[in-house]
Amino acid sequence: MPDPLIPLRQLLLRDDAEGTLNHLIQAAQHAHRAADVLALIAALPEVPQAWIGSELGGLALAWLYFRGMQHRQLDDLLDARPPGQLLPFRAHLHLIHRRSDLALNLARFSVLQAPDGPTRSLTLTQLAGAAAMLDHPHWKELYRFQIAQAPPIYRGLARVQFAFDLQHHQEVGEATTELTRALGDLRHDPTSSTYIYRTLVSTALDTNQPGAALNALRKAESIAQEGLLASELFLPRAILTLNLTQYPVAIQTAATAREHVSAPDRLATTLVIGAKALALMGQTFEAILMAQEAAALHRVLDSGRHAVLNHLTLAYLHAGDLPRAQEALSRADVSTQHAGTLSWLARAECARQAGGEPLPPGDSIRAQLATLRWSWVRAYLPALLKQYRVVTFAPPEWTVRVSLAGPVRVWMSGDELPLRSTRPEAGLLALLVTAGGQVSRERALDALDLPGKTPTARRKALSAAVAALRELLGWPGALTVDGGVLRLSDAPRWEEPTLPGRGREDFFCEGRFDPWVLEWREERSLGGVPD
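Heads up: the sequence shown at position 108 corresponds to 118 in this note's numbering, and the numbers run straight through without jumps.
Quick caveat, the hints were computed from the structure, so don't treat them as lab data. Where a beta carbon is used, it is the ideal one built from N, C-alpha and C, also for glycine. One or more hints might be untrue.
Here are the simulated lysine to aspartate or glutamate pairs, DMTMM-like style, with alpha carbons at most 20 Å apart [to be verified]:
#	residue 1	residue 2
1	K470	E452
2	K470	E506
3	K229	E426
4	K229	D425
5	K229	D216
6	K470	E481
7	K150	E181
8	K463	E481
9	K470	D459
10	K150	E184
11	K463	E452
12	K396	E367
Label pairs and their calculated CB-CB ranges [unchecked claim]:
#	residue 1	residue 2	range
13	H148	I233	33 to 41 Å
14	G521	G127	56 to 64 Å
15	D492	P461	19 to 27 Å
16	T508	D145	45 to 53 Å
17	L15	A477	35 to 43 Å
Kindly produce the complete structure, drawing on both the sequences and the hints.
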């Protein structure tokens, strides 16, 4: 795509208001990459505010924010504009916030008024999405009609939304197929590809395939850079770490997302994951606060209906606050199968905590319970699941394995972490695991090959290595320093480190020249210490 900034500035020099705004609209509609749209958004201060304030200016902003995936800016724009304007984008945000009736009504009206191909493609996808939320019998046909006639960009966007709704209807195999096809349609856009891979993480977890989920997340991370793309990965990372029972990592991921995720719906969903992890860690008050924060992002904490209130209800129930749970549940949206199952679990737990008769599940809920894939529910509602004899996937054990037979390497739950074996934090990790998980600060200073010639410089280098190791493992409590003792967290199970075999002592921590490493090699090679 040619640089859209060149004609933009030419139009600005000619003082052509209508031409400038139409150029912004068309450039956004036909952009192959979100990065191209972000460049136009960055140039908006060059456009006179009087032009931007017009109805055509509002349409230009809406297209830029939509194609640039700037949902918070789009939300703010719609709040500031008259309700009769920008209907396709209002329908889009209602879909994001799962307000099905409003989305359907606006989508129907928008289709009739769609003035051009891109707008019509957008509104047809919204119509199918709203029909899916309301479980309309022909929602799949609506999606397939849109996919069959849309150009590649909008076909890919429709497939992503179709996959999202298929997943919510527990049709994970077909959802994965649509996402794979969408990768072909949107292959020129790293932002869209990152979004698709992050969605593949959740579809893999829905079928209890953590290995496939890890693979999809790593592919997303290989595409993503700082900024917009990296912010897309907080939610799948939180979901994945929750399902791998890495609760402290999930909590840290959710907390860090506040600083990096601008889209309210994604941030809210990430905070919901963090709230579950907090509850499972026994921090019930903190779990409620995080769930409340998620509801506030959807503007339904004190009034209104939304599916996020199902999660807030469960947080209250986990803390034993039945009255507040019942109030939140009374406003929880149940328009999707996913939300309906969550809501039934919440209502059943309310009945159990109130001491009443067990809530009888209907045929649909009974089928859902028979194939319940959410391993977190086992720890979240253990008494309820026992009462209904519900079997879920057993949560995997959280393990960390370190290999010292060659360059220092580390795996968490089977996933190799990006540790650079020549860095001081690699030497610190090796020292800790061979010492049973803890060493004194003085021992670390003496044993490690740290940069700096003065004691002060070496202490600073050790502090930097501690911080780097915490970041690598994923949460602040992974390595604590208390009373001059460095100690690895015992939250995961640390497997015995892999050591080189007899006669291969020189391969111990290959590439490292820490004093303790050299001593280890010499002692073993001389046979002074048995394996």
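Right, here's what the structure says about each hint:
As the CA atoms of K470 and E452 are separated by approximately 13 Å, the hinted pair is consistent with the 20 Å bound. Between K470 and E506, the direct Cα distance comes to roughly 30 Å. Violation of the 20 Å bound is thereby established for this hinted pair. The suggested pairing of K229 with E426 holds, with an alpha-carbon distance near 14 Å, which does not exceed 20 Å. A threshold of 20 Å between alpha carbons decides the hint, and for K229 with D425 the separation of about 13 Å falls inside it, so the pair holds.
Only pairs whose Cα atoms come within 20 Å are accepted, and K229 paired with D216 is accepted, the gap being roughly 19 Å. Between K470 and E481 the CA atoms are separated by roughly 17 Å; this keeps the pair inside 20 Å, and the hint holds. At most 20 Å may separate the alpha-carbon atoms for a hinted pair to count; K150 and E181 meet this at roughly 12 Å. Between K463 and E481, the direct Cα distance comes to roughly 26 Å. Violation of the 20 Å bound is thereby established for this hinted pair.
Restraint check: the Cα-Cα separation between K470 and D459 comes to about 13 Å, which is no more than 20 Å; the hinted pair holds. In summary, the hint linking K150 to E184 is supported, as the alpha carbons are separated by about 11 Å, within the 20 Å threshold. With a C-alpha separation of about 16 Å, the suggested pair K463 and E452 falls inside the 20 Å cut-off, and the hint holds. Taking the CA atoms of K396 and E367, the gap is near 15 Å; set against the 20 Å cutoff, the hint holds.
A beta carbon spacing of about 35 Å between H148 and I233 agrees with the range 33 to 41 Å that was offered as a hint. Distance hint for G521 and G127: a CB-CB separation of about 58 Å, consistent with the stated range 56 to 64 Å. For D492 paired with P461, a C-beta distance near 25 Å keeps the hint of 19 to 27 Å intact. A C-beta distance of roughly 52 Å is found between T508 and D145, which places it inside the suggested range of 45 to 53 Å.
The hinted range of 35 to 43 Å is satisfied by L15 and A477, whose Cβ atoms lie roughly 40 Å apart.
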